[in-house]
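Protein chains in written order, with our numbering: chain U, 1 to 116; chain Y, 117 to 227.
Since the hints were made in silico from the structure, they are not lab data.
Heads up, some of the hints might be wrong.
List of simulated lysine-lysine pairs, DSS-like, C-alpha gap at most 30 Å [claimed, not checked]: (1) K138/Y with K184/Y; (2) K226/Y with K184/Y; (3) K226/Y with K158/Y; (4) K174/Y with K158/Y; (5) K222/Y with K9/U; (6) K173/Y with K138/Y; (7) K14/U with K187/Y; (8) K173/Y with K222/Y; (9) K158/Y with K9/U.
Given next are the chains, with one letter for each unit.
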Amino acid sequence: NAGVTQTPKFQVLKTGQSMTLQCAQDMNHEYMSWYRQDPGMGLRLIHYSVGAGITDQGEVPNGYNVSRSTTEDFPLRLLSAAPSQTSVYFCASSRRGLAGSTYEQYFGPGTRLTVT
Amino acid sequence: GENVEQHPSTLSVQEGDSAVIKCTYSDSASNYFPWYKQELGKRPQLIIDIRSNVGEKKDQRIAVTLNKTAKHFSLHITETQPEDSAVYFCAASLSNYQLIWGAGTKLIIKP
Chain U
1 NAGVTQTPKF
11 QVLKTGQSMT
21 LQCAQDMNHE
31 YMSWYRQDPG
41 MGLRLIHYSV
51 GAGITDQGEV
61 PNGYNVSRST
71 TEDFPLRLLS
81 AAPSQTSVYF
91 CASSRRGLAG
101 STYEQYFGPG
111 TRLTVT
Chain Y
117 GENVEQHPST
127 LSVQEGDSAV
137 IKCTYSDSAS
147 NYFPWYKQEL
157 GKRPQLIIDI
167 RSNVGEKKDQ
177 RIAVTLNKTA
187 KHFSLHITET
197 QPEDSAVYFC
207 AASLSNYQLI
217 WGAGTKLIIK
227 P
């Protein structure tokens, strides 16, 4: 199993450009999420999905879009990059338990994004 | 909104001593509490977790305790080693399978 994979590892964008960060998992997990981690900070939830075709906003969704057309993939789109979006982006996945039970989240290796 | 407070933000201990990190959560419905370790430039990885029907859980040198009444839980690392140096995050479950995260504790092990 590859687990959770993310591409690219590094990316530099100019202000106003758009791009898509890719995330895939091969563990058949229903739950997937995107976090951003700013230097010396914790993890802030951007968007999440509890299954194919279902997405919802997290704590900091502005400037980002997501879609979930398959169980395996959960891409994150930056619509018009801004310097404030310079961060490390982590994708994570977990299985869903019965009656809303939460389980271990597995993280991808991260994408380091710089917006100039 | 719901939150998790984590203390201290930095903890420096002598190699071989114990380290304790504490978290307090606000959502009384939280029932899953994981601890993650993040080494510099790496992804967060689970080191131990506990559910609300258990008061304590141990795995070798690592233990977690949970006090549901007070809404706080703690990570205990005994006989600390240089490889324990990292940032540690606590989290608490919310509805819809989400986790809310503490701000992290940088643990420094002094030789």
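Tested hints:
no., hint, result
1, K138/Y with K184/Y, "13 Å, holds"
2, K226/Y with K184/Y, "33 Å, violated"
3, K226/Y with K158/Y, "22 Å, holds"
4, K174/Y with K158/Y, "25 Å, holds"
5, K222/Y with K9/U, "24 Å, holds"
6, K173/Y with K138/Y, "15 Å, holds"
7, K14/U with K187/Y, "44 Å, violated"
8, K173/Y with K222/Y, "22 Å, holds"
9, K158/Y with K9/U, "12 Å, holds"
Going down the numbered hints, you'll see the structure goes against 2 and 7, while the others check out.
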